[in-house]
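The listed protein sequences correspond, in order, to chains A and B. For the first sequence, position 274 (counting from the first letter as 1) is numbered 274 according to our numbering, and the numbering increases by one without interruption. One gets our numbering by counting positions in the second sequence from 1 and adding 287 to each.
Just to be clear, a hint being listed does not mean it is correct.
In silico contact screen, one side only, chain B against chain A (beta carbon under 7 Å); selected entries [unchecked claim]:
id, residue
1, 344
2, 368
3, 379
4, 383
5, 405
6, 417
7, 418
8, 531
Here chain A is said to cover these stretches of chain B; the calculated rule only asks that three of the stretch's residues, wherever they fall, bring their Cβ under 8 Å from a Cβ of chain A [as the list claims (entries may be wrong)]:
id, region
9, 387-400
10, 495-502
11, 532-540
Just so you know, these hints were derived from the structure itself, not from any lab. In this text, a Cβ means the ideal position worked out from N, Cα and C, and glycines have one as well.
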Amino acid sequence: MGLQMLMNATLLGGLYALMGIGFSLQWGISGIINLSYGAMVVLGSYISLEFFNFFHIDPFISMIMSGAILFVIGAIIYRGLLQPFLKGGIVFTLILTFAVRLIVENIILKVWSADYRTIRLAYAGSNFQLGDVYIPLTKFLTFITAGILIYLTYLFMMNTKIGKGIQAVALDKEGAQAVGMDVEKMYMINFALGTALAGLTGSLWASIYSFSPHLLGPLVGKVFIIAILGGLGNIWGAAAGGLLLGFAETAGASFLGSQWQEAIGMVIMVSVLLWRPYGLMGKKFFG
Amino acid sequence: MSNNKKVNIFLLIIAVVLFIFLPRFLSGYMVRVITTIFMYAVIAQGMNIMSGYMGYLPFGNAMFFGIGAYVTAIGMSKGLPFLVVVPLAAITAILFSILLGLPVLRLRGHYFAIATIGMSAAILSVVKNATEITGGAMGTTLPIIDKDPSIVYNYFYLAMFGLMVITTLSLYFIIKSRFGFGIRSIKANEEAAISMGINTTYHKVVAWAISALFTSIAGALYAYWMSFIAPDEVFDVMIAVNTVVIMLIGGAGSILGPIIGAFIIELFAEVAWSAFLEYHLAALGIIIIIIVFFVPKGVSGTIADFIKRKKIRARKRVSI
Chain A
1 MGLQMLMNAT LLGGLYALMG IGFSLQWGIS GIINLSYGAM VVLGSYISLE
51 FFNFFHIDPF ISMIMSGAIL FVIGAIIYRG LLQPFLKGGI VFTLILTFAV
101 RLIVENIILK VWSADYRTIR LAYAGSNFQL GDVYIPLTKF LTFITAGILI
151 YLTYLFMMNT KIGKGIQAVA LDKEGAQAVG MDVEKMYMIN FALGTALAGL
201 TGSLWASIYS FSPHLLGPLV GKVFIIAILG GLGNIWGAAA GGLLLGFAET
251 AGASFLGSQW QEAIGMVIMV SVLLWRPYGL MGKKFFG
Chain B
288 MSNNKKVNIF LLIIAVVLFI FLPRFLSGYM VRVITTIFMY AVIAQGMNIM
338 SGYMGYLPFG NAMFFGIGAY VTAIGMSKGL PFLVVVPLAA ITAILFSILL
388 GLPVLRLRGH YFAIATIGMS AAILSVVKNA TEITGGAMGT TLPIIDKDPS
438 IVYNYFYLAM FGLMVITTLS LYFIIKSRFG FGIRSIKANE EAAISMGINT
488 TYHKVVAWAI SALFTSIAGA LYAYWMSFIA PDEVFDVMIA VNTVVIMLIG
538 GAGSILGPII GAFIIELFAE VAWSAFLEYH LAALGIIIII IVFFVPKGVS
588 GTIADFIKRK KIRARKRVSI
C-alpha cells in the first residue's frame, strides 16, 4: 500500500514537474505571471485529441505538434500583447494574460463544448508489476517522456547559443544588452518555450486523464505552487517542486480526503512564500 | 481654483440626489443592474486603496467579500438581526486581514499578489468543506424580507448606494490625510519611505484592513440582497478580475475612477451578455485588451492628461 502510493505520487509528480517548468521559466526569466498557462495546457490536450480523432496519431507523437503550435502562439502573445506593457507592472501582465485565458476558454467551449473528453489508447488498460507495485503503462510512458523533455530543456538552456543567451539575459539584462544581444528576442523565445512546454504537458495529460475547460483554473493553481516551491526560473527546482506537489496531493488525498487537496497545496505555497521566498532549492538557478 | 472646487462639490451633490431618486424612473431589472454597479464600485475602491495608492495588488481580495457574505449568512441563520451581523462581518474580515496581512505584507510585487490568491483559495476550500457550519459547496440561504420585491430592491439600491458614497468619501479623506500620504509614499518608493521614518508595516496592514472593511460590507449586503450564496460564487476569482479591470478603466489611484469604471464595465457586460451570449467571455477578454492598449491610464487619467496638455498649450500661447 505504502509503496503503491509512493509510485502513484511519483508518476503524477513527473507530469507536474514538466508542467511547472514552463510556468517557472516564464515567471522567473520573462517576468510574466501567465494566468493563461492552464488554458495553454488544456489547448495542448485538445490539439492531441484532434490529431487522434482525425489521423489516429498517438498523443506521444502529436505532442510535438501541440508543442510547435503553442510555441508559435506563445511568441505571438508575447510580441503582440505583453511586450509593450512589461514596464506597466504586474497589474497589466496579470490582466492581459487573464484576458487571453478568457478568449481561449471561450474558443474551447465553442469548439469542443464543456464536456470531459478522453483519448482512448489501445494500450491504455495494460500495466506491469514491479514487486507488489502495479504500474500502468501509459502513466509510466508519460513519466519517462516528461523526464526526457525536462532533460532536453535543460540541455537547451545550457548548450545552445539561444539557451545561453536566455541565461545571460536572466543574469544581467543591461550587460546582455551591452554586448549586443537582442534582449527582447530572448525574452520572447523563453516565453514561447514556456507555452510550448504547456502544450507538451497537455498532450501527455490527455494520454492518461480526461480533460475539459474546467481544468483551466485548477491547473494555474498547481503551477503556482510548483513554481514557488522550486524557486522561479529554476528548472531542477521546478522539477523537484512538481514531484513534491505530487507527493503532497497523494498523501493529502489518502490521509485527509481528496476535497482538501487544493487547500493543502495552497497552504504549502503560502508557507514557502513566507519562509523561503526563493523556493526550497535555495538561490535562483539563472540569475 | 476654489470656485472650481465649489462647482465640483455642487455637481457631485446633484448627482447624489439624482441617484437617490433614480429608481422611480427605472425598471426593476435596471435597478438591480445599477445596484450591482454600486457593489463593484465599492469593491474596486477596496482594490484602489491597496493597488492604486499603495502599489500592492491584492488579487485575492474576493476572500473578504466571501467572508462578509458568509458571516452574514451564518449570523442570520442563528437568528441575529442584519444590523448586528454586518459589524460582525466587518470585524471578522478586519481580523482576517490583520492576521494574514502581518506576515504576507512583507512580500512585495508578484509574491504578495500570489500569496493573496493562495489564501483566498485556501479559505474557499475550508468554507466548502465545513459543511455543518457553512452549508458546504451547495451554498446556503438567508431569510427573505417579507415585503414587495420592488420595495426590497429599492432598499438594497439605496443601501448599496449609501455604502458606495461612504466608501468614496472615506477614501477621499484617508488619501488627503497624513496616513494617506504615508501609503502613497510606499507606492513611490518603499525603501525611501522607511528611511524617512514611516512605519510601513503599520501603514500597509491598516490600509489592507480598510480595504477588507469596505469589501466585507459589500459582501454582507450582497448576501442579504441575493438571499442565497454559494462558495464558488462569492469567492470567485472573477470578482477580483472584474475589479482590477474596473479600476484600470476608471483610472487606478483616482477617487472617482472606480465608480466611472464600474459603470462602463458593468453596463458593457449587460450589453455583451445579451448580444454575444455564447461569446461573452471572449468579448470581455477583447475589451480588457482594448482598454489596456488604448486607455492604459484609465478614463480619469486620460482626461487629466488631456486637460494638462491643454493647459500647457495655453501657457505656451501666452508666452509667445
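Hints versus structure:
no.	hint	verdict
1	344	holds (6 Å)
2	368	violated (33 Å)
3	379	violated (19 Å)
4	383	violated (14 Å)
5	405	holds (4 Å)
6	417	violated (11 Å)
7	418	violated (10 Å)
8	531	holds (5 Å)
9	387-400	holds (count 8)
10	495-502	violated (count 0)
11	532-540	holds (count 3)
Violated hints for the displayed structure, listed by number in ascending order: 2, 3, 4, 6, 7 and 10.
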